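J.: All chains should be modelled from the sequences, with the hints used to inform the complete structure.
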Amino acid sequence: MIEQIPYLAVVLIAGIGIATILLKKNLIKMIMGLAIIEGAANLFLVTLGYREGGIAPIFTSAPGGEMVLPTVQAMTLTNIVIGFATTALLLAFAIMIYRKYGSVETNNIRRLRE
Amino acid sequence: MSQYAALLLAIPLLAAFAMPLIGLVGKRMRNSWAIIAMLATVAAALLLVWEVLTQGTIVYAFGTFDSAQAIPFDSGGVPIRILFVIDAMSAFMILTAAIMMFAATLYSISSESEQSGQDGYYALLFLLMAGIFGMVSTGDLFNFFVFLEINSLAGAALAAYRIKGGVAVEGGLKYAFISTVAGLFFLIAVGMLYGQYNSLNIAYIASVIDFTGLSLVAVVLMVVSLAMKSGSVPMHFWTPDTYSSAPSSITALLIVSSMASLYAIFRIAFSLFGLTMNVVTVGWVIIILGILSMFIGVSMALPQKDVKRLMAYHSVSQIGYMLVGLGVGLAVLGDSQMLTQFGVVAMEGGIFHIINYALYKGLLFLIAGAVIYRCGTANLNDLGGLGHSMKWTMGFFIIAALAIAGIPPFNGFASKLMIYESVFIFNPFIAVIAMVVSIMTLASFVKVFHSMFMGPKLPQYEGVKEVPMPMLIGMGLLAVLIILFGLFPDLIVNTLVEPAALALIDRTGYIASVMGGI
Chain E
1 MIEQIPYLAV VLIAGIGIAT ILLKKNLIKM IMGLAIIEGA ANLFLVTLGY
51 REGGIAPIFT SAPGGEMVLP TVQAMTLTNI VIGFATTALL LAFAIMIYRK
101 YGSVETNNIR RLRE
Chain S
1001 MSQYAALLLA IPLLAAFAMP LIGLVGKRMR NSWAIIAMLA TVAAALLLVW
1051 EVLTQGTIVY AFGTFDSAQA IPFDSGGVPI RILFVIDAMS AFMILTAAIM
1101 MFAATLYSIS SESEQSGQDG YYALLFLLMA GIFGMVSTGD LFNFFVFLEI
1151 NSLAGAALAA YRIKGGVAVE GGLKYAFIST VAGLFFLIAV GMLYGQYNSL
1201 NIAYIASVID FTGLSLVAVV LMVVSLAMKS GSVPMHFWTP DTYSSAPSSI
1251 TALLIVSSMA SLYAIFRIAF SLFGLTMNVV TVGWVIIILG ILSMFIGVSM
1301 ALPQKDVKRL MAYHSVSQIG YMLVGLGVGL AVLGDSQMLT QFGVVAMEGG
1351 IFHIINYALY KGLLFLIAGA VIYRCGTANL NDLGGLGHSM KWTMGFFIIA
1401 ALAIAGIPPF NGFASKLMIY ESVFIFNPFI AVIAMVVSIM TLASFVKVFH
1451 SMFMGPKLPQ YEGVKEVPMP MLIGMGLLAV LIILFGLFPD LIVNTLVEPA
1501 ALALIDRTGY IASVMGGI
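Same order as they appear, the protein sequences are chains E and S.
If you read the first sequence in the numbering used here, its first letter stands for residue 1, the second for the next number, and so on.
If you read the second sequence in the numbering used here, its first letter stands for residue 1001, the second for the next number, and so on.
These are computed hints drawn from the structure, not numbers from a lab.
Note that this is a predicted model, so its numbers are computed, not measured.
Treat the hints with caution; some may be incorrect.
[Stated by the list, open to error] Examples of chain E residues lying across from chain S (beta carbon under 7 Å, computed):
1) 89
2) 90
3) 109
Just so you know, even glycine gets a beta-carbon here, dropped at the ideal spot from N, CA and C.
T.: Shown next as structure tokens:
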């Protein structure tokens, strides 16, 4: 049971992120929701590779025994970098929208449909 | 081992990152660099496609000189390198992307010439293309995710490139949101597969797959996220906003990137899971998504006043045809008699429609861009009488509009006929809907044609003249291809489309190309 907790946390965190995106009207908060989902994805990947009592996967003079999986850690690292780029781009968009519209509430960002 | 697969990524990436530096030298230098790099990329793509069509599937292993090293002898039969697996289907997508890249880059040279920040524009354009080429040629799930993100980020930034009082930023923001959420769901699904099969290689996972409940969740997540990214109903709300606010040349490329997502749905459905999952259910889900996209897209398009929004809703509707064609093929994958009777033809129709759609939809958006370039508005109520001054553009519009409506002898007819014929045997009702949608498409384009080009010359467009030569060449190439594909559909189907459809069906062949006949 105890080893299932991280997976439950993943579902919970992803749920919070999705709810934030769907329920909040403020762009900055929606971007935060996206970052929360990203955190859930990262947690999920790292948890997949965790082995009880495993050591860091460095083969040079390793003491032996179980190692945690390195691939998922590399994937997580890549995803963190990608997430950084995405968040930066989205925040840049939010700044631009604030400059042009004077607001970051989605209710006020409706010029496209007019 | 030929290096075209690596060059296909290396050239656009080099071009993209060198662009700001070369832009320092001057405008002329930057434009020449963009054109040279574009021609080099297209050449690499065409050579690669030629090689695949003559020699069969190519497996390119990164980080080694020998593709036999794809699976090192001491790895226990597990591919550990990043592999590109380029079969006939990937080659088909690469060809589509290369044609559109050629047309859109040439077009941009003129259409963006008045804009500031062009260094960034071309850099992002090449990044977008690198993302698309990577998505359609990779054989690795995580690698696919990375290219998906490169493609999304570049696409979103380009969609917001002309700020236009914030309107374009709104479109870019929506695109960025949707594609990031889609990308994250895709990544979680990749994690689920990795947790079960300890590999990211599509062919390896396919060879050991044992369809569990978790794999079902992964399939659902992947199909949903990629359908979001390709702009099919019910997640289509971003397409009109993003397609209408992006520069027209970029809209043409965003269409190719949505095709790349569509390709990924089918690569995953056919090559990764294949018959291990319940193909009838998944096939029907895709067919229903397709029917809804067709119908909702076209009925939303009819009342639109902005020409680019109208065309964007039509692209939702056209994606439905591909989903239906390939969905029917997927639904009958398990039944070899039905598959040979009509399944293969339905898939060929769907795949053929991908390139036809990219050509005529790209051309339509480029035409809309040409009209906006000269008249400064996209509102159909304000436009009129352009047939007097923009004769070439009008001619191209007629070709593209007849092609999208499925009128012979243009390319849309060829692929739609294949879809109608085969889907009719599967379920007549779907074929009838497809035909009705086609008629509604024609109705809506007659309206556009009438309000843009017909009527007397309007005083406010007195000084309007034909668009510059590079834009005409870009549009002309697409128009010529539309006519050629429509006049000689058999040639295209036999050389390009049929191998692509068979490559999708042949799951064991895909696995064997990487795993070496296991």
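J.: With reference to the structure, classify each hint as holding or not holding.
T.: Results of checking the hints against the structure:
Contact between residue 89(E) and chain S, as hinted, is supported at the beta carbon level, the nearest pair being about 6 Å apart and thus within 7 Å. Proximity of residue 90(E) to chain S holds as hinted, the smallest CB-CB distance being about 6 Å (cut-off 7 Å). Taking 7 Å as the C-beta cut-off, the interface hint given for residue 109(E) holds, the closest approach to chain S being about 6 Å.
Checked against the numbered hints given earlier, this structure breaks none of them.
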